[in-house]
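Undergrad: Kindly produce the complete structure, drawing on both the sequences and the hints.
Residue numbers (the working numbering), protein chains in the order written: chain Z, 18 to 374; chain S, 18 to 374; chain G, 18 to 374.
Read the hints as simulated data drawn from the structure, not as lab findings.
Identical copies carry no separate label here, and so any pair may be met within one copy or between two of them.
Derived lysine-lysine pairs resembling DSS-like cross-links, with alpha carbons at most 27 Å apart:
#, residue 1, residue 2
1, Lys37, Lys80
2, Lys224, Lys37
3, Lys72, Lys224
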Amino acid sequence: MSEWPLGAGEGLRVGDIVEKLGGTLLGDSQRRVRGIAPLDRAGPADIAFLSQPGKRAWLETCKAGCVILPQDFEAEASRFAASILTPDPYLYYARLAQWFSALQGEDATPGVHATAVVDPAARVASTASVGACAVIERGAVVADGAVIGAGCYIGRNAVIGAATRLHPRAVVLHGCILGARCIVHAGAVIGSDGFGYARDEQGAGVKIPQTGAVVIGNDVEIGANTTIDRGALDDTRIGDGVKIDNQVQIGHNVEIGPHTALAGCVGVAGSARIGAYCFIGGSAGILGHLVIADHVTISAMSLVTRSISQPGRYAGVFPLDTQANWAENAAAVRQLGALRSRLRQLEKRQDKNIDKT
Amino acid sequence: MSEWPLGAGEGLRVGDIVEKLGGTLLGDSQRRVRGIAPLDRAGPADIAFLSQPGKRAWLETCKAGCVILPQDFEAEASRFAASILTPDPYLYYARLAQWFSALQGEDATPGVHATAVVDPAARVASTASVGACAVIERGAVVADGAVIGAGCYIGRNAVIGAATRLHPRAVVLHGCILGARCIVHAGAVIGSDGFGYARDEQGAGVKIPQTGAVVIGNDVEIGANTTIDRGALDDTRIGDGVKIDNQVQIGHNVEIGPHTALAGCVGVAGSARIGAYCFIGGSAGILGHLVIADHVTISAMSLVTRSISQPGRYAGVFPLDTQANWAENAAAVRQLGALRSRLRQLEKRQDKNIDKT
Amino acid sequence: MSEWPLGAGEGLRVGDIVEKLGGTLLGDSQRRVRGIAPLDRAGPADIAFLSQPGKRAWLETCKAGCVILPQDFEAEASRFAASILTPDPYLYYARLAQWFSALQGEDATPGVHATAVVDPAARVASTASVGACAVIERGAVVADGAVIGAGCYIGRNAVIGAATRLHPRAVVLHGCILGARCIVHAGAVIGSDGFGYARDEQGAGVKIPQTGAVVIGNDVEIGANTTIDRGALDDTRIGDGVKIDNQVQIGHNVEIGPHTALAGCVGVAGSARIGAYCFIGGSAGILGHLVIADHVTISAMSLVTRSISQPGRYAGVFPLDTQANWAENAAAVRQLGALRSRLRQLEKRQDKNIDKT
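TA: Laid out in structure tokens, this is it:
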């Protein structure tokens, strides 16, 4: 259940919001809002926002005390006690929500829980917080203001940057480095062995020790139960501001450029290099050793099988249909090479016929 | 190794089974069975069942003391000391197996393990069981008969319903609510942050605090390492009787109707609404904000890219073939728009030719 | 950050390496190497290797003290103080890296950590190591030299074979058996319930108790956050030498033959049987009850929908294209059955025309 509206406090004055976050204020600057709510659920003590033009009609019945609106919505604004015009209401909402969240946040108390197991040769900043049953090995560093959730595991010589937060049961294995202000969600595993084997003379796998690490920049978010493998010899590298959703798998020696986002269930095979500001849709896959340029968008469940040098949108997914239609079309796909040949044949014969006529 | 047959006890009398679970008893009602086994492995002390017509021939060599058979299998029944006829042997087996399981079950002892960390401001029912190294935060509620496995984490103000069982290392984050008789398997994470960002002026992600929760009905099962994100403002909602397999990812604000089942590795993007009694095949995907009607079946590894308003079966997957055939057909797929144009062209030209002749 | 080069010790003499691992030594057998590094990063104290012919040019600027080269690279070998010729440099590297790793390894100290919770009726070998906050239930067996990482859970009557290593937070549930020298990565869950329900008269799922176990051979590796379900009645079985990457999902009663490898994010549905020496590409899927022969390779993200009796390579994935081209081709795919009919029609009409001319 949403924790909005805030259970306590006076809330924020709309005038103060605009002073801090910008935008054009229309209406009553003294109006107070105590929480953020969707357009259809907001009440007089809430602030709402319109980010999708398709929801414009919702404004007519919206009961919010204040609304964040796109620049040219002055007419609609008049319905509300107060409103804020801004070029990007969604971004405005994000920043305001962070502010509310900070006000309301009950942050982890600094200190190490009595049941945590911290090696004497680990260094944990006095301003950091270590939860119940967490384990921190020899040589690990937990920097200022970092929060290590209950049951987390930090391997030897791993580094957790300042103000980085690990949710319960996250695992960061030996030697891996996380920058500042990262968020790692529950169950994520950073630094597991890459999937590397040679084949012996009988075809059995001979494990290649994975001796690289994972190096993660600042402001990176890593989803629940996501896994990022350590490199074989060199490191796996995740750039600043990268956002990774739940259950993503990143193979060894992958490099991901700054501010790229990967949606849930994506798989990236070993040694792939993904550029900056890319977006990889949910359940998509990227084969090993490929190079993907900056500003590339891959559609959900598409498989990237060759390198991409041009920015833009790419897709490759069989279109959904009723089972019956799909079965017919899929059968035809399996004959497609032959159909193409028959078409060529027809074209040739018709050319001849035309010559004859 | 299967724990069947039961190592102790007298087993169940076939007459008692039929009295409790129904069906038509043929043969010796005094016959006792001590466990359930597959047709090909069952011995005289076992009960077996036939649910797939294709296995009818297996009956001829089956050594079970009793067999559960479809309604019209009276002839086959005569081979066995006892048998039970029922319209749905598989359902009958499920119920009988639950009975055996309850008889045999060694249930968790009520009480809190000495190494568990339970906040004084959490409420744990005296009939509930909390395993070793589990952590339960302030304000959380664990209801009657609930079982919290070793190493589980229950966040502040979360609610675990009566007789709900969390297997080891499951995580339920703050404010999330589970109904009664749910089962959550090891490593599942309920209530991780949704994947929500605005983009700032430079294209970097600005995190949107996820302030909703996850609300789960009664009799829901959630697979190992599955993740369910909390809502952004509103809640993510999972209906009664929903069954979710392992490694499924449910995005923020998703709603799933009662008795729908999702097979392993499915990904459901944010704000999708799935109806009741649906079946989503393994590794399938559902894009964000779509609405899917009741009684819809999606084939494995198919991507749902638009809303579905009609019940029925849907599919969309490239048919498997040898690598060589696939390569030829896939190349033709990439020219398919052009092939279609060439076909149209041929048709036009032929129409003209026919006019001429 | 890579831990190479070794921080201490004299390293290995090239002559000793060849004596132990074979190959033809060229150059200075007294040369010492202290670590393995990629061709482009290696220095005079490192040994490098060339496994991809495409990197032959890298040799010209490589500064390694010794290089492992393919058999016919005698000319290139002359550039280096020492070199080793071998038919399979990658396999040679794997074995050498294991040797270095063993030299350098700081292995877990035998003994049970003070915070681990070991049931008095479990048997843990005196040479085994049990990490902080690990939980081992009644009747479980941990054999000689096994390493149970911090926060692992071993259910009642489970068996962990000799020298098998479980990384932090791995879960092995009751009755499951792991052979010798296995590696289980962080967050993996072995023995969760299979996804099995009957449908009752109203269409609600009735859970089928999963009473089989998981039986795993020797030398098996299981990736981070991978899940392997226990069998319904019989066991799920994983053969010797099988290598499973991260986030793979194996359904109940699956059987996997020896030395097969499954890449990341693969899903295998219940009761599928995969042969020996297969390779299943990343994010591929295998439907339930199928049988796959030995020596079969499935391409990434392909769905196996029928049994495969012949060894070879198989694929089925929609080719990636620009979003615009994809949209055009995907639309045509949805009309493909109709296009095929139109082509047939054209052929018939043309045949008639030809008859007429």
